[in-house]
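What follows is the residue order along each chain.
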Amino acid sequence: MTATLRPRWPDAIARTVVVLLLAFVIFGPLANLVLWAFAERWYFPNKLPQEFGLAFWKRVFDPRGNAVASLGTSVAIASLTVAVTLAVAIPAGYALARLRMPGRILVLLVFLLPQAVPNLPVYVNIARVFYELGLNGTVLGVVLVHTAHGLVLAVWIASAAFAAVDVSLEEAARNLGASPWRCWTTVTLPLALPGLIASAIFVFLDSLDEFTGTYFVGVPDVTTLPLLMFNASMGGNYQIASITALLLLVPSILFMLLVERFLKADVLAMIGR
Amino acid sequence: MNERSWAGLALALPALLVVVTFFVAPLLMSAVLAFRGKDGGLTLMHFEKAIEFYSTDLLFSGAIVLVSTAAIGAIAVAIAGYLTLGENPRTVAILRWLYRWPLFIPFIVTAQVMRTFLAKNGMLNHVLTGVGLLDPLQAQSLLDWRGIVVAFVWKQAPFVTLLVAGAMAAVDRQHIEAARNLGASRWRVLFEIVLPQSRRTLMVGLVLSFVTMLSVLSVPLMINPNSPTMLTVDIAYRINSHGDYAVANALCLMSLALASLGAWFYLREAARKADGA
Amino acid sequence: MRPFKIPLTAIAFATGVALGAAAPAVAQTTLNVITAGDQNMVDYVNNFLGPRFEKLNPGVKVRAVGTGPGDAGSQKIYEKLSAQQKAGAASWDVDVAVVHQRGAGTMVKESLLAPFRNEVAAGKLVSRDTAKNALGANVDGDVIPRFHSQIAFAYNPAVVRQPPKSYAELADWVKKNPKQFGYNGVKGGMSGVGFVMGWVAANSGMAEQLEKGPYDASKKAVIDRSLAGLREFNQNVVLTPGNAGTLDMLNRGEIAMGPVWVDMFYTWLADGKMNPSVRLALPQPGLPGQPMYYVVPAKAANGQIARRFVDFAASPEIQAEGIVKQFNWYPGIDAQHVKSKMDDKSWNKLFTDISPEALASYGRPFPLSGYFTDILEGYERVVLK
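Here the protein sequences come in this chain order: A, B and C. Per our numbering, residue 1 is the first one in the first sequence, and the count goes up by one each step. Per our numbering, residue 1 is the first one in the second sequence, and the count goes up by one each step. Per our numbering, residue 1 is the first one in the third sequence, and the count goes up by one each step.
Simulated from the structure, these hints should not be mistaken for lab results. Even for Gly, the Cβ is constructed at its ideal location relative to N, Cα and C. Only true hints are included.
For lysine to aspartate or glutamate, the following DMTMM-like pairs were computed, each having C-alpha atoms within a straight-line distance of at most 20 Å:
| hint | chain 1 | residue 1 | chain 2 | residue 2 |
| --- | --- | --- | --- | --- |
| 1 | C | 220 | B | 52 |
| 2 | B | 38 | C | 110 |
| 3 | C | 179 | B | 135 |
| 4 | C | 55 | A | 62 |
| 5 | C | 179 | B | 144 |
| 6 | C | 345 | C | 357 |
| 7 | C | 165 | C | 357 |
| 8 | C | 385 | B | 52 |
| 9 | A | 58 | C | 43 |
| 10 | C | 61 | C | 311 |
| 11 | C | 339 | C | 311 |
| 12 | C | 385 | B | 144 |
| 13 | C | 385 | B | 48 |
| 14 | C | 109 | B | 244 |
Which stretches of chain B does chain A cover? Using the computed rule of at least three CB atoms under 8 Å from a CB of chain A, they are:
| hint | stretch |
| --- | --- |
| 15 | 207-216 |
| 16 | 235-245 |
Please build the complete structure, drawing on both the sequences and the hints.
Printed below as a string of structure tokens:
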């Protein structure tokens with residue numbers, strides 16, 4: 001990149017203003033979240049909370065409230081969902097991008113359905129089927145429902161990622177005598193990896209934020225933190241909703257940092273190959 | 001049909017099985033309710049009622065989601081474009097760190113913070129009046145269609161940006177350098193080289209956002225559930241206040257039709273691509 | 001390079017966490033209490049009822065789960081029970097549920113509940129009409145009210161010097177003070193719905209008939225006519241986003257008056273989200289109220305313990321200490337049993353703004369379900385179009 005430019009002040013000012021504006025747009029609402037997490041008294045005409053404190057944190061972390069265990073369950077379910085989703089989505093995405101397939105458009109559309117339909121009426125039926133199968137109240141049941149919901153993110157994005165891989169690179173590898181499997185693992189997959197990793201992040205977040213399916217399939221034996229967040233938020237219980245949202249931020253960001261570490265390592269590993 | 005096409009289907013089969021078993025089948029179980037009359041016979045009565053009561057909301061939902069998608073696309077291209085072509089490394093670094101945060105905030109929390117942020121006596125107006133940009137008497141609430149759009153864009157723009165920035169990063173730098181050396185402006189490079197090569201990813205992100213926004217209940221419910229509002233609110237209302245699954249499912253199918261319309265653009269392109277393959 | 005590093009790591013990580021999460025200490029029996037309503041309903045079971053009940057019943061662990069506020073929360077409980085019924089499950093995973101009237105009516109109609117009231121001692125302490133009749137559905141014997149709640153106008157006395165005594169006065173006040181009154185329409189929760197019901201009761205001359213019947217479908221025209229006035233009224237009010245949305249706008253001083261659930265109002269006050277100077281008032285001919293019910297599902301896995309739990313929760317001591325003293329909610333069982341168990345000062349706190357007489361004459365039940373539907377759909381046709 002040619003970064004050796006003379007300083008151009010109007011540009012620098014415009015840049016600063018735009019970045020500051022963006023920072024306000026992004027952190028303004030988030031500031032509200034943080035304020036409510038610590039507000040013990042806040043009402044008109046006060047523009048900021050009159051009293052700060054940790055009383056609501058104590059309520060959330062009350063041992064009987066099970067918030068910590070719920071957070072653990074949420075993370076476990078989200079991680080398992082990512083594993084299951086990627087395991088089925090990578091072959092599907094590859095096939096959709098690179099192979100001929102009968103009814104390809106229909107297949108793409110089918111994956112989209114869980115995101116596209118308001119899902120409350122559907123989960124009622126899933127609950128009924130899962131009760132018949134004995135899957136209700138199990139982590140596996142919740143993982144399957146989350147997988148179905150997040151699958152489109154993984155399949156579509158994986159398909160786009162595989163489609164973007166340059167076929168000539170694969171052909172070159174094959175011409176050099178690589179087996180199809182070796183070609184796939186050393187050329188195709190690494191090139192599609194950034195897209196796959198992005199999809200893993202989205203699937204993780206999708207699962208971590210889900211509450212309707214978890215309620216119908218998991219409750220009362222499996223409870224996750226978003227259920228508490230949903231309850232609190234819908235009832236206008238801003239403090240508890242904000243605290244649970246902040247708690248959910250932790251695994252989300254950790255997961256993102258974790259996968260990006262792998263991303264960087266692998267991209268670096270590719271250089272010079 | 002040749003061997004290769006069967007291989008493709010076989011590879012996609014596990015994923016398909018998951019989605020068909022755990023979503024499509026239960027969806028069909030409830031979709032039939034939309035066509036069943038009190039006597040068990042086939043009827044379009046529920047659709048008639050849905051249209052009589054909620055056709056405005058159908059249009060409103062479509063309009064909201066369309067406006068939001070357009071804004072998301074513009075913002076995503078602008079940010080991802082700057083991340084790819086920006087010449088000030090510090091700004092690029094700040095921007096890369098900055099734009100992602102809303103990704104980690106669930107829709108329901110987004111709705112909650114926007115409700116307190118965009119209200120008449122909310123934080124936005126406090127800040128604007130505080131710095132003298134707004135006369136306190138002219139402060140108004142944004143908690144109508146604008147609030148819904150703001151919440152959607154705030155939450156979904158980072159999602160599309162992340163995808164598009166990834167795709168743009170994969171564009172061959174030599175093409176970009178060559179064009180820059182020939183004197184092309186950054187805008188031209190963006191629109192004529194970088195964007196066309198990441199178009200498919202942009203479409204994927206926008207279509208996913210489009211359909212997701214159509215199915216989100218918490219944002220319209222917490223920002224503006226009053227008329228006109230989005231179909232998801234009407235669906236929840238038919239179920240919770242009337243126990244009326246028939247009209248609710250009819251509305252679901254109408255919402256699905258709207259989503260398919262959005263997906264159509266992507267699928268058409270995907271089909272074209274497949275034909276060329 | 002190892003391309004499969006990520007999935008493998010994820011699986012290893014996930015299994016580790018799953019094992020860690022799936023190993024809480026298990027008591028002999030877990031009693032699942034599912035409750036609709038705000039988070040404080042869950043906290044009430046977790047922090048107040050649960051520990052006390054467990055002390056009396058060693059080996060039982062009470063687990064509370066919330067399903068969200070309003071009828072939506074009750075509907076989700078209904079759906080869970082209905083799913084188990086349709087699946088033919090031998091025993092159901094909900095032992096005690098706390099639901100609103102509409103939900104209870106549907107559950108009784110579909111035989112999802114055990115008729116348990118006469119099997120427990122506390123069942124004799126309820127004689128109020130709403131313990132037998134839920135929006136026209138006969139729930140006699142199937143429910144015990146947990147507490148009674150009431151919709152009332154919350155108002156800021158700095159702006160509203162004299163709260164309106166009737167709907168006509170309110171309409172006048174709204175004309176003089178545009179955009180100072182707010183309610184949440186009909187799609188955002190029951191406090192708005194209740195206001196609309198109250199409006200129709202006041203303006204159709206059908207107040208009695210709406211509650212007591214008989215249902216007469218031809219009255220739709222009368223209902224629609226009374227709603228026409230509401231359309232005009234709406235021009236000068238703010239429509240708020242939901243039950244909590246009305247309280248939220250009162251919190252920020254964006255409206256000066258609006259219909260709220262009294263129990264929610266006190267929660268907001270206790271959580272520091274409401275200016276303590278805000279007061280409550282009930283106009284004539286009144287606003288609806290409703291109890292939330294304890295119910296025991298027909299095939300509850302722990303039906304006997306569930307009955308003991310409800311009996312305990314509805315006992316006068318617990319109602320006095322938990323419902324009235326701690327939350328400032330109107331008791332679910334008959335007042336005289338509760339009043340005798342507590343000091344007058346705490347009891348009278350219930351009636352700071354709304355006198356027992358006003359509550360008795362202006363606290364009304366919701367209309368029968370036939371009228372209820374007609375009014376809601378009339379609102380959508382007449383007011384929203």
